[in-house]
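Colleague: The primary structure of each chain is shown beneath.
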Amino acid sequence: MNFFEHQARARRNVAYRMALTTGVLLSPALLGTIVSLVVFGEVQWYEPLLACAVMLPFIAVGYWYQVRKLRGGGSAIAEKLGAFLISQQLDDNDRWVVEIVEEMAIASGSPVPKVYLLDKRGINAFAAGRTPQDSVIVVTLGALYILNYEEIRAMVAHLFSQIQNNDMRVDAQMTGVYLGIIWLALLIGAANAFIFIIGVSWAYLVFLAMSRVIRQRKYLADAAAVQFTRNPQSVSSALKKIGGYEYGSLMGCDESEDFLAMYFAAPFKKLGERLIAPHPPLEKRIRRLEPGWDGEYPNVPPLTSLIGDSEQADENRRRWEVLGAVATAVSAVNRSDEEPDAVDRYQERVALATIPEVVSTAAHHPKSAQALIYRLLLSVNPQARDQQESQLQEIPDVEILDCLQKLKAPVANLDRYLRLPLLDLCAPALMQLAPAQYKLFTNTLMTIISVEETGVLTGWALVQILNGHAPGRRKFLERYTLIQRHNDVTLLLGLIAFKGHRSHSQAELAYYRACDVLPFHTAPMNVLKEEEGLEEFDQYITNLRQLKKDEKVILMEAIAVCIETDGHITHEEIELLRAMAAVLDCPVPEGMETPSFETVDAVRLPA
Amino acid sequence: MFDTIFWVIFIGILSVVALYLIGLYNQLVNLRNRFKNAFSQIEVQLKRRHDLIPNLLETAKAYMSHERDTLVAVTEARNIAASCLKAAAAEPGSAPSMAQLGKNEGRLNTAMDKLNVTLEEYPNLYASETMMQLSDEITHTEDRIAYARQFFNDSVMDYNIFRQKFPTVLIAATVGHGTDAALLEFDDSEQIQQAPTVSFS
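Quick mapping for you: the protein sequence lines, in order, are chains A and B. Counting in our numbering, the first sequence tops out at residue 607, every number present. Counting in our numbering, the second sequence tops out at residue 1201, every number present.
Treat the hints as calculated values from the structure; they're not laboratory data. Note that the Cβ used here is the ideal one computed from N, Cα and C, for glycine as well. Keep in mind that a hint or two might mislead.
Lysine-lysine pairs mimicking DSS-like chemistry, simulated, CA-CA at most 27 Å apart [stated by the list, open to error]:
hint, chain 1, residue 1, chain 2, residue 2
1, B, Lys1036, B, Lys1103
2, A, Lys367, A, Lys406
3, B, Lys1047, B, Lys1103
4, B, Lys1103, A, Lys114
5, B, Lys1165, B, Lys1086
6, A, Lys114, B, Lys1165
Restraint ranges, calculated between C-beta atoms of paired labels, are given here [unchecked claim]:
hint, chain 1, residue 1, chain 2, residue 2, range
7, B, Ala1127, A, Trp96, 44 to 50 Å
8, A, Asp94, B, Gly1023, 44 to 50 Å
9, B, Ser1065, A, Trp96, 50 to 56 Å
10, B, Glu1076, A, Gln312, 51 to 57 Å
11, B, Glu1091, A, Trp96, 35 to 41 Å
12, A, Phe84, B, Gln1164, 45 to 51 Å
13, A, Glu321, B, Met1157, 45 to 51 Å
If we strip away everything but chain B, and leave its shape as in the complex, we get:
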């Protein structure tokens, strides 16, 4: 019907478009794997923290036998957070698991804050070297958690931006990248949530 040259050009354009779409899909896959990998970084650090906490509690128990409640609260929060982490590791980036993890880690942070406040009232604790080492380790792990979370959120953002841009947005839903990945946010500890009242008297 039409000239061969027309068909040649038509097929040529089609193949260019197809190649472009393949490139988009590959980039989506790339970015998704990147943030999944970033999540495993957080997982490593969070796990380390979960493992250090029982040691800390054991050392503290010897000195703080009266402070049952605080210690028990920390243990509970830690156990919940650990199981949440396992669940979240199965599907990093999905909104419900990220929200759950964020909430429970936030609770663990609050419990740890309360523990730290209580620890300050036992000055002879600071003479114990194990205690100091553990305390240092946990602080450093928390720093690393912060950076790992930052990197994860950056990767998630890259994925979301790429997915939402034109023309990727047209094909994303059909090829299995239909939803945005969720950022990981640790709920603020209670102290921050209550705005401090300032008085000048």
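Only chain A is shown next, with the shape it has when bound in the complex:
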């Protein structure tokens, strides 16, 4: 989308405005002429001029009346509404708003205005002032809570564009002129009922025309906001959040029509829905910015849950911060159905990988299968690798050592994503081991993989997957619901989120999206404390095993969401998913199953 083209288009409509203004101004004279033609039957040449001369004082009075309201300057208007100044105090909490205003002033080339805060629940902002030097910007408290950085920037940029175009003064002047004419019409109409009706309907038409003009200005201001912030999504997402918010952009009880056009969004419900309202409807504004919008508003949490100092409020704010930015960004992206999502990509990746014949035959014998698995678990890090190799040399069984040597080359180049399918392939052979040997195998496995700290969880996962293949699972009593075990659940999700994501913010995002699936109110991300090790983790898992069947399904879904949020499924994530499926005795969510490599034609030597 070309910002400047957008603006050019909106500006062309200003010509339409001029035509409209002239037409409307001249219409009383025309009207008067027609009326006198009808009533008197003939028109003298001076009569239209006389009509204009009569109109002039009324226009002047109306003009003076409206513009007088601006006399106190922007600050007077803001203070009359009840706003308080924040730009002088530089209170740390609100400093960021002042800074956003400063940045937008620079971006639009205007002087920096004073910033006021209005204690209202609706999301709205307002620019007031006679000249650009004199203007102030007022933001509501609701906006500060609900909107994020970028969206407030967009709102402020929109207001700057209106300040720059001198919208306030021009609108006051226009309103004044129209008011004057309307008074005249009504005055004349007081004498004659017929003229009264004409006068009233004409007044309505006048306001209709004026509102169309102001709407074009609003579209222009939206386009200018995109130009200043260089971010089309921020403007549309601010509008979407207003749409999804319980209080919308409403300002509360005292409805004064004075400076209606200078609000970012419609401040009063009754007026907002009228045909002659100066604000274009929200959907139209969003669609102009984002033609591919699907009509969905994001779920904005109620304001009361975000205010306050309690831990829950803090947590809610954090959650909204993480999710709120995404909710709108995701819907903004042009989702084309040809693009594969994370799950499809994973399946594709595994399907394309090839297993050499040596490896495939090795997987079918118990001893060589063990060797294969040991080889697969070797680390990428050279130091850890050396340590693991020396540990492997200590295995008592000679045959296994032999296989280890033979498998060194083929396994070296195998794709990591094949780990899980190969594990599945080895499972039947491994199940043939005697219990003591199996125990020995799993212990060695854990020792090798625990050389690296991060490997403990992966090792656990692999052991669980293997155990999942064994027949005869122990039955657990199903007695808990997710809500009762929410500590364990949040811990698990936190661990999985951290495992698969590089940055803290990505992990948090995945965690919160996973929590969306759960039926309870979320808690902050829990992670295992330093002292806790595998035993405590086992305890949590045992608790989770005792969840009811339906709850388990929901939990698996949450894990799946957590994994696929960032569009990338790593092999460790899918191993954790399989492990949890094995532990909970629950099927893996649709699409995430590991493809099996039973067929021999999946065999080809790597190039």
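Could you slot chain B onto chain A? The hints should help.
Modeller: Frame of chain A; chain B shown alone:
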């Protein structure tokens, strides 16, 4: 020779055309002054940043006595950038001075990035309040530089577009608006220039 009415019309048309050309020239002057003014905005912010950097280095020096090289590199880059700024302020919008300024500010950005990376290895630096304040100030100034540069480039673009359009393009060269103004681009820091390699193993 010809009728008076012909001359009246002819002179009338001539004066309309002349007025139009005057309007074009005035608009060119308008736009040029606008981007020159926009440049002074950038100048203010860049200068502020140049002034804050020595303070930052002084505070950091106390903790990072071993990191001579990084500190010296930043000081040098900053001095060069400051002198370049002075030169560019004399003729904003001319291609060579904008290119020079862009290159040197880009180098300063790279040096500052390296400094930031080094700073992260000294966690006790973050306990110093002066350090935190300075660091904040510089970050905010850099944000403002970004917006000021954006506005400057917008103004330059407006001027260039108007100058290149028909019929302004016919008269522009003769009245002293012969060349396009140059946009201000900061060279990308080295990290961005090297495409990151991604491996899946």
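Colleague: Evaluate each hint against the coordinates.
Modeller: Hint check:
The hinted pair formed by Lys1036/B and Lys1103/B meets the criterion: a straight-line CA distance of about 20 Å does not exceed 27 Å. Among the hinted pairs, Lys367/A with Lys406/A is consistent with the structure: their alpha-carbon atoms are about 13 Å apart, no more than 27 Å. A threshold of 27 Å between alpha carbons decides the hint, and for Lys1047/B with Lys1103/B the separation of about 16 Å falls inside it, so the pair holds. In summary, the hint linking Lys1103/B to Lys114/A is not supported, as the alpha carbons are separated by about 36 Å, beyond the 27 Å threshold.
As the CA atoms of Lys1165/B and Lys1086/B are separated by approximately 32 Å, the hinted pair breaks the 27 Å bound. A threshold of 27 Å between alpha carbons decides the hint, and for Lys114/A with Lys1165/B the separation of about 39 Å lies outside it, so the pair is violated. Between Ala1127/B and Trp96/A the C-beta distance comes to about 23 Å, which lies outside the given range of 44 to 50 Å. A beta carbon spacing of about 46 Å between Asp94/A and Gly1023/B agrees with the range 44 to 50 Å that was offered as a hint.
Here the CB-CB span from Ser1065/B to Trp96/A is close to 35 Å, at odds with the stated 50 to 56 Å. Checked against the hint of 51 to 57 Å, the C-beta distance between Glu1076/B and Gln312/A comes to roughly 52 Å, which is consistent with it. Our hint of 35 to 41 Å for Glu1091/B and Trp96/A holds, since their Cβ atoms are close to 37 Å apart. Under the hint 45 to 51 Å, the C-beta atoms of Phe84/A and Gln1164/B, about 49 Å apart, fit the expected range.
Our hint of 45 to 51 Å for Glu321/A and Met1157/B is violated, since their Cβ atoms are close to 35 Å apart.
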